[in-house]
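2 protein chains.
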Amino acid sequence: MGRTGRRPGGEDTKGIILAAARAEFGAKGYHQATIRGIAAGAGVDPALIHHYFGSKDDLFAASIDLPLRPAEVAETILAGGIESAGRNITTLFFTVWENPATRDPLMAVLRGAFGTEQGAAVLREFFGTAMLGRVAPQIGGPDAELRASLAVSHLIGVAVLRYVVGFPALVKVPVAQLVDTLAPRIQAYFTE
Amino acid sequence: MGRTGRRPGGEDTKGIILAAARAEFGAKGYHQATIRGIAAGAGVDPALIHHYFGSKDDLFAASIDLPLRPAEVAETILAGGIESAGRNITTLFFTVWENPATRDPLMAVLRGAFGTEQGAAVLREFFGTAMLGRVAPQIGGPDAELRASLAVSHLIGVAVLRYVVGFPALVKVPVAQLVDTLAPRIQAYFTE
DNA sequence: AAGGTAATTCAACGCGTGTAGAACTCAACG
DNA sequence: CGTTGAGTTCTACACGCGTTGAATTACCTT
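These protein sequence lines map, in sequence, to chains A and R.
Heads up: the first sequence runs through residues 236 to 427, numbered per our numbering.
Heads up: the second sequence runs through residues 236 to 427, numbered per our numbering.
Incorrect hints may have been included.
If several chains are the same, the list does not tell them apart, and a pair holds so long as it fits within one copy or across any two.
Derived lysine to aspartate or glutamate pairs resembling EDC-like cross-links, with alpha carbons at most 20 Å apart [to be verified]:
hint, residue 1, residue 2
1, K407, D292
2, K263, E318
3, K407, E352
4, K263, E427
5, K407, E380
6, K407, E307
In short, the hints are calculated from the structure, not lab data.
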């Protein structure tokens, strides 16, 4: 693979690079991830990444373009009314996180939120429009916004401890039990 | 301040460096923080940091040496029995976070948990001994460990959104109201 | 007053990084 | 079969980083 010039066979090199970028950004965070590392992971020269995506910032932006539309998410959560929203959002949250394919970009977002203002903005915007824009109005009351935010914070806290920090008690618990224990607490923020 | 050699006046330069390091590590995380930046913040030459603390890793280790002893924390939480532990831990948590002096090292730990395995280990160990070792036994039941961990995850989630991500709804709410809304939910994990 | 020791800075090294442009090779199309 | 254009790599630059060893100044002891 040392030779120069175009490769034979029409592979989706751009997609391979993007996948490698998501894995690297997710595993190491924005700053610790390197273009050279991503290139190595994709089996490609670093300059090719630049050719396709431009700067590192642009590649990161492409990496955290979530395959989750806030509108769809809100719809899924609210299917069945506000009384089942707690279980719906909890189930959805961990379904997405436990799926390796969707985990990488989420990890990239979460780690990015800590390293770059851009990443933090993505997180704010996503939960802002999905949760506060669509779910909070269904809760009602003056502190609906606060309660919805606290529900989100709890989910994110579990994700941080389970997937990033590796807190043993939360790592070893099966997803089903985790959802069963957590969902009622989330629900309590919506209807109580 | 351009001259070389020892300075007149017996300032606590080592302490100044440590404070600057905590601020920088807290603001930017381990990797994005630089020795040169910390030195500039302390008004000092980069080499001096090396002279006092050794490598960057060593400086970081010194920075996240929390002024919180797990034993004391557990004692404060459990004063008044398990029935008031929810409010106690919530109040303590935000008292410490809202105090600028203690916020910096906490921020350094939290951001460090995302950037370095060392930081993640600090978080695991602290909450592991303080919460799981001392508080969980007072809860009782087979899933006591899980419930205590979920309580911790909720607090950390709020800290992440309020202090790192800057989630508007959680930033603008006064601490008192935050504690009032949150404490019952934490308590529910302990006694219910 | 003198000598030793701790505090502090200077200057520099080697390394890994993001990025740029030129060179090369394959595929598509006439 | 030749030409064009997209795909891909090579080489190189300039920069900021952590780290080091020597040089310089002030305080402390005797």
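Hint by hint, here is what the structure shows:
no. : hint        : verdict
1   : K407 / D292 : neither (35 Å within a copy, 30 Å between copies)
2   : K263 / E318 : neither (38 Å within a copy, 41 Å between copies)
3   : K407 / E352 : between (32 Å within a copy, 19 Å between copies)
4   : K263 / E427 : neither (40 Å within a copy, 39 Å between copies)
5   : K407 / E380 : between (32 Å within a copy, 11 Å between copies)
6   : K407 / E307 : neither (31 Å within a copy, 28 Å between copies)
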